[in-house]
Amino acid sequence: MGDVLPLTATKAVPQRAQYPEKQLSLRRLSVDKFRNYTHAELACDAQSVVLAGPNGAGKTNMMEALSMLAPGRGLRRASRDAFG
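In the working numbering, the protein residues as written are -3 to 80.
Just so you know, the hints here were simulated from the structure itself, not pulled from any lab data.
Any given hint might turn out to be false.
Quick list of the computed label-pair ranges, beta carbon to beta carbon [unchecked claim]:
#1 Q19 to G52: 28 to 38 Å
#2 N51 to Q19: 27 to 37 Å
#3 Q19 to P50: 17 to 27 Å
#4 A66 to S44: 14 to 24 Å
#5 L22 to A48: 29 to 39 Å
#6 S63 to Q43: 26 to 36 Å
#7 E37 to A66: 15 to 25 Å
#8 S26 to A48: 29 to 39 Å
#9 L20 to V46: 16 to 26 Å
#10 D28 to G49: 29 to 39 Å
#11 R23 to K55: 27 to 37 Å
#12 A36 to A66: 17 to 27 Å
#13 S44 to L65: 30 to 40 Å
Quick reminder that beta carbons are idealized off the backbone N, C-alpha and C, glycines included.
Let the hints inform the model, and build the full structure from the sequences given.
Here it is as structure tokens:
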């Protein structure tokens, strides 16, 4: 079992884990039969990626596909508080 973080007796307060930050990098995102895409691949070769295009092109759909890789509600069902 892992280490247990100390909690007060009256109230559990979330504490930041005492582990070093881990980084995740995405090199390529491939989707098949997802929303408006029959098939699409997004290459992420740079540190920053900008999605640009006209309304209805699928920019938000690509972000929704990306959000499905992380636990939680997904991009469309997330509250504003989830984005800081």
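Q. Quick check: which numbered hints come out false for this structure?
A. The structure conflicts with hints 3, 5, 6, 8, 10, 11, 13, although it agrees with all the remaining ones.
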